Every structure is written in structure tokens, then in C-alpha cells.
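Required output: the full structure, derived from the provided sequences and hints.
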Amino acid sequence: EAQVTQNPRYLITVTGKKLTVTCSQNMNHEYMSWYRQDPGLGLRQIYYSMNVEVTDKGDVPEGYKVSRKEKRNFPLILESPSPNQTSLYFCASSLFMNTEAFFGQGTRLTVV
Amino acid sequence: QKEVEQDPGPLSVPEGAIVSLNCTYSNSAFQYFMWYRQYSRKGPELLMYTYSSGNKEDGRFTAQVDKSSKYISLFIRDSQPSDSATYLCAMSDNDMRFGAGTRLTVKP
Numbered sequence: 014e015a016q017v018t019q020n021p022r023y024l025i026t027v028t029g030k031k032l033t034v035t036c037s038q039n040m041n042h043e044y045m046s047w048y049r050q051d052p053g054l055g056l057r058q059i060y061y062s063m064n065v066e067v068t069d070k071g072d073v074p075e076g077y078k079v080s081r082k083e084k085r086n087f088p089l090i091l092e093s094p095s096p097n098q099t100s101l102y103f104c105a106s107s108l109f110m111n112t113e114a115f116f117g118q119g120t121r122l123t124v125v
Numbered sequence: 005q006k007e008v009e010q011d012p013g014p015l016s017v018p019e020g021a022i023v024s025l026n027c028t029y030s031n032s033a034f035q036y037f038m039w040y041r042q043y044s045r046k047g048p049e050l051l052m053y054t055y056s057s058g059n060k061e062d063g064r065f066t067a068q069v070d071k072s073s074k075y076i077s078l079f080i081r082d083s084q085p086s087d088s089a090t091y092l093c094a095m096s097d098n099d100m101r102f103g104a105g106t107r108l109t110v111k112p
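Chains as they are written, first to last, in our numbering: chain P, 14 to 125; chain W, 5 to 112.
One or more of the hints may lead you astray.
To be verified - Quick list of in silico lysine-lysine cross-link-like pairs, DSSO-like style, CA-CA up to 27 Å:
#1 K60/W - K74/W
#2 K46/W - K70/P
#3 K31/P - K46/W
#4 K60/W - K78/P
#5 K46/W - K78/P
#6 K31/P - K78/P
#7 K84/P - K46/W
#8 K6/W - K70/P
#9 K31/P - K70/P
To be clear, the hints were calculated from the coordinates, so they are not data collected in a lab. Given the structure is predicted, the values throughout are model-derived calculations rather than measurements.
As C-alpha cells, this is what we get:
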């Protein structure tokens, strides 16, 4: 089954404690991205990757890092989380930038 | 002004009603227009995909794009309780932009 898998689904952490949210896709897609979804603001892109070892900033990249060492994996790293990063996070993949995006189930992150 | 504007609702309609969801945008470079449906506690799923202007129909769903007015619409005919979800418009050229989403409830 074609899917994008994110882990964990829910995470509560404390300010400053580094964390990683994993994302994996099994569709051999070139393009992967991370979004955060906040009430009234919709989906905002954090980082994207057009291929292995090629990543770039989206609209709200501050406080986040990513890596794309393999085509299927695109982890999101918060080196020093802060409460304003409390949000619902989605990983997405697509064949190319403008084609259908397949989203993961989401990760609900709370930073206290 | 946001690049993509979408009324967040909420919108509540009786079963069987025709639903109209709309987005406006400011970037005339957008060429690809999409509607995603997001159920509670799930990721968005693509519902309709349109390139440039025109209409596209798929079952009970019709997507319309009017590039001259920078306006896109999604119509749902004979709405069902299972259509209750948040609907997100999205559009792109080199960058993908999403609307804030409209929350729809279809009451039996």
C-alpha cells in the first residue's frame, strides 16, 4: 500500500530537548516536504527536498532542520524546541513539486 | 494580505444540499489548483486536481478555476454526512500554497 509514515503520532516534550520526527515514503517519490498546521493559518511549509541531498527552506524554517540521505526518508529535527513550535506536523511526498501530494497521518507536538 | 484566502467557516448544511467552497488568490503565476479533504485526526487527501482554468467534474464533485478573477471553487452535490471534513484549497507554480481550510458539517 502506497503510504507516508510519520512517527511518533503524539509527542509531549520540554523546552530545549532535541527531538526528531521521522518520515518515510514507499512510492519512490522525488519530492518530500514538511508542513505545520495551526488554526487559522492552514498548512505552512517548513522545509522541502527535491531529491537526495537536496533540501531547501520553506516559509517557516526557523528552529528546524532536515536531512535527505535516502530517497525514502526525510526526518524533521528540532534541535532546541520552544513552546511556539507546538503544532500539528505533516510530512508529504509527491512525484514532483506540482503533482499530487500524499500526506502522513500527522504528528501532534506539544512543547512545554 | 495572504496569498491564498479561504473562509474558515464553519459551514453546516443539511444532507442533500449543494455545497460551495471558495478560495481567492493573489499570485497570477499559479497554474495548478487542487482541493484536499482532511478528516479529523488524519492527513489531507487529494480530492480534485486542475491545471489552469476551466471545470473538472468527478462524481458529486466539481472544481472550477477562474484565473481572470483569481477565484477557485469546489461544488459538492447531494452532500452526505460522510462529506463532513475540512476542505483545503491549494495552488502552485514553483511553490505550493494552501488555504486555511473550510470546516464543513453535513447533518443527516
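Of the numbered hints stated previously, which ones are contradicted by the structure, given in increasing order?
Number 4 - this is the single hint that the structure violates.
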